[in-house]
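Chains A and B supply the protein sequences, listed in that same order. Numbered per our numbering, the first sequence spans residues 1 to 113. Numbered per our numbering, the second sequence spans residues 1 to 111.
Simulated from the structure, these hints should not be mistaken for lab results. Source: prediction; values computed, not measured. Careful, some of the hints might be misleading.
As the list claims (entries may be wrong) - Computed Cβ-Cβ distance ranges for the label pairs, DEER-style: (1) A:Thr5 / B:Pro69: 30 to 40 angstroms; (2) B:Asp71 / A:Gly62: 32 to 42 angstroms; (3) B:Leu95 / A:Ser14: 38 to 48 angstroms; (4) A:Lys69 / B:Pro61: 29 to 39 angstroms; (5) B:Gln104 / A:Met83: 14 to 24 angstroms; (6) A:Thr105 / B:Val51: 18 to 28 angstroms; (7) B:Gln55 / A:Ser14: 45 to 55 angstroms; (8) B:Ser77 / A:Leu56: 42 to 52 angstroms; (9) A:Leu56 / B:Thr10: 32 to 42 angstroms.
Stated by the list, open to error - Output of the computed footprint for chain A on chain B, the stretches with three or more beta carbons under 8 angstroms from beta carbons of chain A: (10) 43 to 55; (11) 103 to 111.
Unchecked claim - Stretch by stretch, here's where chain B covers chain A in the computed footprint (C-beta under 8 angstroms, at least three residues): (12) 41 to 49; (13) 98 to 110.
Just so it is clear, CB atoms sit at the ideal spot from N, CA and C, and this is done for glycine as well.
If you want the building blocks of each chain, they are given just below.
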Amino acid sequence: AQSVTQLGSHVSVSEGALVLLRCNYSSSVPPYLFWYVQYPNQGLQLLLKYTSAATLVKGINGFEAEFKKSETSFHLTKPSAHMSDAAEYFCAVRTGGGNKLTFGTGTQLKVEL
Amino acid sequence: SQTIHQWPATLVQPVGSPLSLECTVEGTSNPNLYWYRQAAGRGLQLLFYSVGIGQISSEVPQNLSASRPQDRQFILSSKKLLLSDSGFYLCAWMLEDTEAFFGQGTRLTVV
Chain A
1 AQSVTQLGSH
11 VSVSEGALVL
21 LRCNYSSSVP
31 PYLFWYVQYP
41 NQGLQLLLKY
51 TSAATLVKGI
61 NGFEAEFKKS
71 ETSFHLTKPS
81 AHMSDAAEYF
91 CAVRTGGGNK
101 LTFGTGTQLK
111 VEL
Chain B
1 SQTIHQWPAT
11 LVQPVGSPLS
21 LECTVEGTSN
31 PNLYWYRQAA
41 GRGLQLLFYS
51 VGIGQISSEV
61 PQNLSASRPQ
71 DRQFILSSKK
81 LLLSDSGFYL
91 CAWMLEDTEA
101 FFGQGTRLTV
111 V
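So that you can see chain B by itself, here it is in the shape it has in the complex:
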């Protein structure tokens, strides 16, 4: 069966520090991968998605970047965090004919 791992579960980082959140998927090949951010009262905002290794689509201009170095690995990064980067980050995978499957999320607090 397919599983998705996302870590860490919580993270407190100072302003200006770097960020690396990792997501890995097991049990499926060539999935579409997604990073969402969730802020209170604003639903889920799609940040990045990837349809293959090295292919990244950015949905909103921001302080973050994403990379897909392997088929089932998706990384969200920042060189210098801002206060506004605080939020709940969710990784997800999806195939052409399926729904999206989500990780457990990372609560990021920038202080």
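Chain A with its partners taken away, still in its complex shape:
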């Protein structure tokens, strides 16, 4: 079975500071990993994805994530937070060829002046 754990349901950073959102996965086979962002009352938008190519993945809006197999992690980072980054972020895992996308419980990111 596959699962995802997001540490920290709420993260607060200052504008211009580093953003780090944590995600650890559990999968018995090589996973596909995703980060999504959700703004209030909207659907989810893909930020980036890992599908067994380069371990450092760059996404939209300046975000990136690094797949670390030894740590079973896929943490999301952005060097400098912007007010517009305030949203909820979800990590998700899918085993290759599998039909299910399993999500973490989400991390609400707050960006303060």
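Given chain A, put chain B in place with the hints provided.
Chain B alone, transformed into the frame defined by chain A:
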């Protein structure tokens, strides 16, 4: 390009009333289709998914059902809504080698 339509955007229904939420996908064939529910602080819970017409897999026992009458149409239903059915419902589609693409969601409030 592919698009996904989900409606209505918001819905207020009394307890005991029926429910029908519809989702349609354009621009792709034979997608896997999904219904998720999102409750505050609980992330996204997979309710149903479908790999083809008439094929429905239920992930959790509940008061809801799903149907896929056409390749790109996925319907979420209930005969009698409960207060606990309130939440934000999201439809999504996915192919074997892609990520999931989401609709804009339906905010359901059962009163």
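So, going through the hints one by one against the coordinates:
no.: 1; hint: A:Thr5 / B:Pro69: 30 to 40 angstroms; result: holds (37 angstroms)
no.: 2; hint: B:Asp71 / A:Gly62: 32 to 42 angstroms; result: holds (38 angstroms)
no.: 3; hint: B:Leu95 / A:Ser14: 38 to 48 angstroms; result: holds (40 angstroms)
no.: 4; hint: A:Lys69 / B:Pro61: 29 to 39 angstroms; result: holds (35 angstroms)
no.: 5; hint: B:Gln104 / A:Met83: 14 to 24 angstroms; result: holds (23 angstroms)
no.: 6; hint: A:Thr105 / B:Val51: 18 to 28 angstroms; result: holds (26 angstroms)
no.: 7; hint: B:Gln55 / A:Ser14: 45 to 55 angstroms; result: holds (49 angstroms)
no.: 8; hint: B:Ser77 / A:Leu56: 42 to 52 angstroms; result: holds (44 angstroms)
no.: 9; hint: A:Leu56 / B:Thr10: 32 to 42 angstroms; result: holds (40 angstroms)
no.: 10; hint: 43 to 55; result: holds (count 5)
no.: 11; hint: 103 to 111; result: holds (count 4)
no.: 12; hint: 41 to 49; result: holds (count 7)
no.: 13; hint: 98 to 110; result: holds (count 8)
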